[in-house]
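A.B. asks: Residue numbers (the working numbering), protein chains in the order written: chain A, 1 to 330; chain B, 1 to 88; chain C, 1 to 389.
It should be emphasised that the hints constitute simulated quantities derived from the structure, not laboratory data. Where a beta carbon is used, it is the ideal one built from N, C-alpha and C, also for glycine. Just to be clear, a hint being listed does not mean it is correct.
Stated by the list, open to error - Result set (DSS-like, lysine-lysine): computed pairs, CA atoms no more than 25 Å apart in a straight line:
| hint | chain 1 | residue 1 | chain 2 | residue 2 |
| --- | --- | --- | --- | --- |
| 1 | C | Lys135 | C | Lys115 |
| 2 | A | Lys23 | A | Lys46 |
| 3 | C | Lys175 | C | Lys185 |
| 4 | A | Lys256 | C | Lys175 |
| 5 | C | Lys19 | A | Lys256 |
| 6 | A | Lys200 | A | Lys256 |
| 7 | A | Lys256 | C | Lys185 |
| 8 | C | Lys25 | A | Lys256 |
What the hints assert, rightly or not - From chain C, some residues computed to sit far from chain A (all C-beta separations above 10 Å):
| hint | residue |
| --- | --- |
| 9 | Pro118 |
| 10 | Arg121 |
| 11 | Thr137 |
| 12 | Gly138 |
| 13 | Asp140 |
| 14 | Ser142 |
| 15 | Thr144 |
| 16 | Leu206 |
| 17 | Pro216 |
| 18 | Arg249 |
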Amino acid sequence: MSEAAATLTYREACKQALRDALKADPRTFLMGEDIGRYGGCYAVTKGLLEEFGEERIRDTPLSESAYVGAGIGAAMAGMRPIVEIMTVNFSLLALDQIVNNAATIPHMSGGQFAVPLVIRIATGGGRRVAAQHSHSLEGWYAHIPGLRVLAPATVEDARWMLAAALVDPNPVLIFEHIMLYNVEAPLDPAVTAVDIAHAKIRRAGSGVTLIGYGNGLVKALAAAEQLAGEGVDAEVIDLRVLRPLDTPTILASVVKTRRVVIVDEGWRSGSLSAEIGMRIAEQGFFDLDAPLRRVCGREVPMPYAPHLEDAALPQPADIAAAARSLVRPT
Amino acid sequence: MTETDSKILIFEILSDLAPEADPATLAGDADLREELDLDSMDFMNFVVALHERTGIDIPEADYGELRTRDGAVAYLARATQSAGERHG
Amino acid sequence: MPALGADMESGTLAEWLVKPGDRVKRGDVVAVVETQKGAIEVEIFEEGVISEFVPVGTEVPVGSVLAYVGGGAGPRAAAAPPIPKPPTIPPPKPSAPPLITAAPPSAAAPSAAVKITPVARRRAAELGIDATALKGTGVDGSVTLADVEAAAPAAPPAPAAPKPRAGFDPAEMRKAIAAAMVRAKREIPHYYLSHTIDLGAALAWLEHFNAAQAVPQRLLPAALLLKASALALREVPQLNGTCTDGVFRQGDGIHAGWAISLRGGGLVAPAIRDADQRPLADLMAAMRDLVQRARSGGLRASELSSPTVTVTSLGERGAESVTAIIYPPQVAIIGFGTILTRPWVVDGAVVARPVVTVSLAADHRVTDGHIGARLLSTIEHLLQEPATL
Chain A
1 MSEAAATLTY REACKQALRD ALKADPRTFL MGEDIGRYGG CYAVTKGLLE EFGEERIRDT
61 PLSESAYVGA GIGAAMAGMR PIVEIMTVNF SLLALDQIVN NAATIPHMSG GQFAVPLVIR
121 IATGGGRRVA AQHSHSLEGW YAHIPGLRVL APATVEDARW MLAAALVDPN PVLIFEHIML
181 YNVEAPLDPA VTAVDIAHAK IRRAGSGVTL IGYGNGLVKA LAAAEQLAGE GVDAEVIDLR
241 VLRPLDTPTI LASVVKTRRV VIVDEGWRSG SLSAEIGMRI AEQGFFDLDA PLRRVCGREV
301 PMPYAPHLED AALPQPADIA AAARSLVRPT
Chain B
1 MTETDSKILI FEILSDLAPE ADPATLAGDA DLREELDLDS MDFMNFVVAL HERTGIDIPE
61 ADYGELRTRD GAVAYLARAT QSAGERHG
Chain C
1 MPALGADMES GTLAEWLVKP GDRVKRGDVV AVVETQKGAI EVEIFEEGVI SEFVPVGTEV
61 PVGSVLAYVG GGAGPRAAAA PPIPKPPTIP PPKPSAPPLI TAAPPSAAAP SAAVKITPVA
121 RRRAAELGID ATALKGTGVD GSVTLADVEA AAPAAPPAPA APKPRAGFDP AEMRKAIAAA
181 MVRAKREIPH YYLSHTIDLG AALAWLEHFN AAQAVPQRLL PAALLLKASA LALREVPQLN
241 GTCTDGVFRQ GDGIHAGWAI SLRGGGLVAP AIRDADQRPL ADLMAAMRDL VQRARSGGLR
301 ASELSSPTVT VTSLGERGAE SVTAIIYPPQ VAIIGFGTIL TRPWVVDGAV VARPVVTVSL
361 AADHRVTDGH IGARLLSTIE HLLQEPATL
């Protein structure tokens, strides 16, 4: 017991990262809906108001456009704001601020203004909160030059990605999957920083590559376990960074396994998985020994009923089946 | 065969076997196999080339005498002389 | 353009040894190509009249056309496409005369219905295999990399023919050897055996034999060691062949790769085909010829792509024994140390005898030590009766 590293929930890791940031830099403050008195929609900021006070933990009106815009202005003026958006569906109200302002100002000002803003956004399905709170739209943001888009899938990344994001002079979006908040894992005390540039091999294998991020990674790993029992040795890549994509890591894995399944909770049409698949087709075509496969969210507004929501989301069995169809087609 | 003829012949053969080495810098009493990094096959080709170029039949028992340049020069001189005597 | 190893992407046409309009037959050496590993002679596998050469100095991708061989009715149809430059794989030309490649080209035109995965197509081009003729086991019956490799003859991992004069880059060869050896150590679970053998009888016989021979016809001990190894492999065929994706394929003969170290570094192991069936004099001539051509740059593509086993001998200035690394996808390598005079017990008395230590490194996925030991003891028995070799 004394030997084991301390375990931590993903939620607690997010909170510790925020607390560190607030302590480390007086310019850092939090803004968002219900993050103060209520403690955050997913309770990530619970207790921070008492600890840091109203000046630094700011409850905002229900207007994403207004408070994200305020965050951009504060960042341009030299602050290091961290803005929380309850769910990616609501971030669409701030799309103009994020896409037309945050992402463009450093470029349009010829580098005179940096926008060192971090926006934390809850994303994904599985909590039975229906079609206006459950989608995975991070792929849209991964389309936008000027943004860095992160998707921590592990407790370690939840704990350490924020610090790296605050150092970046450009706007960084961090997508926290709502199904991960309760995930608990040991935290290696030796790790005190992570990069926000590279994908990571979470499981090395040689038979087929499974690519995922966020909760999709967790499901891909579960699928890999299932496949291992059948003698299929899957490699699992955690994308971690959705923009800019770490193409070399993906291509290196393709050379190794020659078969790829991409897992994406987003809708298939025009998804991030489409971009990844296309890059493999462009740069890794001659290394492929089987068609590319994708396991994506069904193209429906997220259903409310549990069995329908489960059916609409990629599940480990779907991922394993896709991998199997490439490795053992007959 | 004169000593000069023998030396020239030996240099030519060794240059083919070890093109990157310079047999001209070789000490007369150095072991050719060590100095020029010749293996068994190279050495056999050396003996075969000497045989083919001079017509001398070299018994296997005499191979030891050919391991240095000076030894080979002396051997060729002796062998061609005795061959000349036989014909002569 | 034949592929001389998985890592070769292209070669440069250095010299044509025939003229356009010449009649060529199977086995003729028609051209010399420069590769990163040196100059290689290209043989032809067709009969006919050769024409439409790529110009000397052209860099040609593996699998692309070097020249056309036809029935002799003059140049091909007027609308002949230009010699392709960048594409790795030439488009199928059902009506065109057969292409010159390292292996016999396909007889049938590729069928549009055959699915071949990109990597399998690339590998087939490298190996000179007609992938359209293979049975696919992949998605929708597609021909996969594994299908192509299973159909490949023992492919050389690091074949290389150096040419000290030009084209030979020791650094490139080092890379090729590194790639093959790393692959061997990563993929092949080696087991090692060694055995010291009394060579008294063999050397006495050899001395007697050589005394009656003119200088060029004399044998080196290495010829006896190679012949004994080849004959022993006849008894233990499990060690003669290749292993790809865990599947062992026995060699279609005992084609011994004879390891030749190159002056200036590097080594190459061209094949002596059917080494078990050749008389000693013939074997010796083949060994001398290979050594000479390996070092001067005149090895043929076919010699580099077919060994089923490798034999290495350290020679008279080497070390006492060798623990060798297998050349994938082969499954065994036999190594002979230097012949040394050592105290040896004969009939209860210690006497000085010439001895050699023979070692075996073999692929444990294919055989076990028991089989390996049988090979070494068979070699020992054969060397006790040199007259039968």
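A.B. asks: Go through the numbered hints given earlier and state which of them the structure violates, listing their numbers in rising order.
C.D. replies: Hint check: 5, 8, 9, 10, 11, 12, 13, 14, 15 fail, others pass.
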